[in-house]
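Number of protein chains: 2
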Amino acid sequence: MNIVLLSGGSGKRLWPLSNEIRSKQFIRIFKTENGDYESMVQRMYRQILAVDAQAAVTIATSRKQVSAIRNQLGDQAGISIEPCRRDTFPAIALAAAYLADVRHTDWEEPVVVCPVDPYVGPEYFEALKKLGDQAASGRANLVLMGIEPAYPSEKYGYIIPDSAGDISRVSAFKEKPDEKTAASYIRQGALWNGGVFAFRLGYMLDKAHELLDFTDYEDLFSNYEKLDKISFDYAVVEKEKQIEVMRFGGQWKDLGTWNTLTEAMKEHVVGEALMNDQCSNVHIINEINVPVLALGLHDVVICASADGILVSDKGQSSYMKPFVEQIDQQIMFAEKSWGSFRVLDVEPSGMTIKVTLNAGHKMNYHSHKNRDEVWTVISGTGKTVVDGVVRGVRAGDVITMRAGCRHTVIAKTGLKLIEVQIGEEISVDDKEKFSLEESF
Amino acid sequence: MNIVLLSGGSGKRLWPLSNEIRSKQFIRIFKTENGDYESMVQRMYRQILAVDAQAAVTIATSRKQVSAIRNQLGDQAGISIEPCRRDTFPAIALAAAYLADVRHTDWEEPVVVCPVDPYVGPEYFEALKKLGDQAASGRANLVLMGIEPAYPSEKYGYIIPDSAGDISRVSAFKEKPDEKTAASYIRQGALWNGGVFAFRLGYMLDKAHELLDFTDYEDLFSNYEKLDKISFDYAVVEKEKQIEVMRFGGQWKDLGTWNTLTEAMKEHVVGEALMNDQCSNVHIINEINVPVLALGLHDVVICASADGILVSDKGQSSYMKPFVEQIDQQIMFAEKSWGSFRVLDVEPSGMTIKVTLNAGHKMNYHSHKNRDEVWTVISGTGKTVVDGVVRGVRAGDVITMRAGCRHTVIAKTGLKLIEVQIGEEISVDDKEKFSLEESF
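Taken in sequence, the protein lines are chains H and B. The numbering of the first sequence is the working numbering, which starts it at 97 and goes up by one. The numbering of the second sequence is the working numbering, which starts it at 97 and goes up by one.
Just so you know, the hints here were simulated from the structure itself, not pulled from any lab data. We put the CB at the ideal spot given by N, CA and C, even for glycine. There may be inaccurate statements among the hints.
[Said to hold, decoys possible] Derived coverage of chain B by chain H (criterion: at least 3 residues anywhere in the stretch with Cβ under 8 Å from a Cβ of chain H; other residues may be distant): (1) 370-376; (2) 440-450; (3) 508-520.
[Unchecked claim] Residues from chain H that keep clear of chain B, each with C-beta distances beyond 12 Å, as calculated: (4) 146; (5) 168; (6) 214; (7) 230; (8) 232; (9) 247; (10) 277; (11) 298; (12) 309; (13) 319; (14) 349; (15) 390; (16) 402; (17) 455; (18) 468; (19) 529.
Can you make the complete structure from the sequences, with help from the hints?
And the structure:
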């Protein structure tokens, strides 16, 4: 099974866990059977492999999510990087070219495209398989999944099928309606359009070449910025005559707000927290290292992260966007391909950061124009390279780096260090990268 | 006017702002006219000096509050340090001996004793003055303040006066009653006993010598541990025949719980916080450097500090004690005589702390057995002394100290540094102090 997971942009509706660089799909919030926590993307990746251990999974995403994906999924998952956002048709065309030219997928093979963030059970992946099989059968060029509506939602487009059968031709598509119209669609047997569909790879490549001027993946990638923004629905779906819809009645939840997200949580508390028995329907997600205490609350979600603290009535949590937009904020925590960093302290004249490197990983070799840095290793072993000079390091070692000097750290074991940045003009953009000889 | 402010022990009822070493009276939560925030002890000290600029204020307290008092009040306030807790009679006797032998107060002068933590207006201090004048007049040995009850509280003892006059003899004392009994006392004209009283210094010293075996302040201080615990009420008040009560009808609030404390706050928000207009009767006190967002809450207090996060229905906030006792916690923030420290990060193998020194102040010269330390100066200038070697330091300088080495930092300007402690057995008790030659 070839699956392309569309990993969308950053969102602020789950602040303070999601922010500009940490999209909701990377929040580790779902408890697994072994007691660890996994994110939406980890959960979906695990669920796919449970149904088909041979599945070829490709994440279609932007450059800034690559570090988080590598950190959470390792190196096995394919990544089709959109150099910039150009709406869904170019993104799907790029992923199709990636599958053909980078992963050498046969043009006859079916490809299933779906968003990375719905909360679903195993039956969903069985349905994806059937969707792919139906596309492979060639009875239609495009097979959509139609989700049986749980309520007259205003958030989805609707598909009106020709018949009540499991698979049927599409009679009409309807844009996102108001609630009353949605209810009337549902009475006509309409299904939600969740953005899940399957096609033969060759079909999509033909479409891509028809609408976009490119030779192969490399070429499409290099000229991606020049493409027009065009949606997949507009470019393909609405024009395709050979189109079917397959009905899906299993669990399918969009966890886009705190209200819906907490409904999907197995436990009321993630992280260090206490509540008294006068609390009801309270969820606490605490990512920081001091405790949360809740007393006498009802229908409330509390979330504490390195970025901030939310305390919200669950019904009100969907109204947070304008407030979060007022919070013009330093990124306080980020997952990188080599580990993670957490901002511990911000001063006008400097910043203190805790850096965690995974065993065997290293930072880019880089320099800063406007700040000195001091590393104090607090655990683990590894090597530092400073202006070409290699040095073994372990807990207690101190490395000082003046502005302009090139530096990196290479972790042998897991390695943690405290980085103190000193300078008046500290910015994430003040970074020049250099290549590091492999011999280090 | 001689005023002894009784500064009581640590409390957990205002967690996470109060903790084992930070009592509620040191929380800077009341906005002043110039926009700064002051604590209960700062507020009361300022209010006393506003009424009587010549007032001799003595804080009777335990050793562990001395740093916070010096930090908040400077060097002008007298401090009578109880070497250990021995209940109220020894504490008041010690303060009296301190006034006589250290501050050389005349035995005929009146002394007013009151707790440091009620929330009061200027009229309270006018009343204290009258209380002292009444004691100086010699018409009674002890003059109590009787507070006109706002409601039938179960928290206070009651004083039943002989008459409804401003000053009257005491007819009876009543222990803390239940609500119904309290209501019946109030119908009889009873007043709250708020622990505020005045006496001539000589009277109290006579009582002290009568009941305790000591020669002078020095002697009483040195042998304080050997004293029995005995309350002032039992030792003095209940036995005194020449006793009067002076009625006080002004503002007098005990800010012992979040519910009462937030009632006394001028603003709904202290620190970085946002709330939407669906919130009602919400107070947010945010001492940390990330924002708090509150949506759709009612009658809730939110408090975030370095120690933790409380979100409580205001009525429920008085039930926090058993929960806070479960939280066995590292002290994350403390005010010291020389400035303050804040724990930024805790790892099994080390701890990261931000140290803020006030201009002209210095740490003790000290060493640690079980940890190395690294200081990175992030702002300000000063000197460090490491094993006797003096060095000027400024932002960007790094000082490494192996376990066992003696060290201190002396701030010229305000100075901030990041201290990384490295070691498996980090403890506040791992500290040996040394004298530092004045020449440094």
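Original post:
Among all the numbered hints in the text so far, which are the ones the structure does not match?
Top reply: 15, 16 and 18
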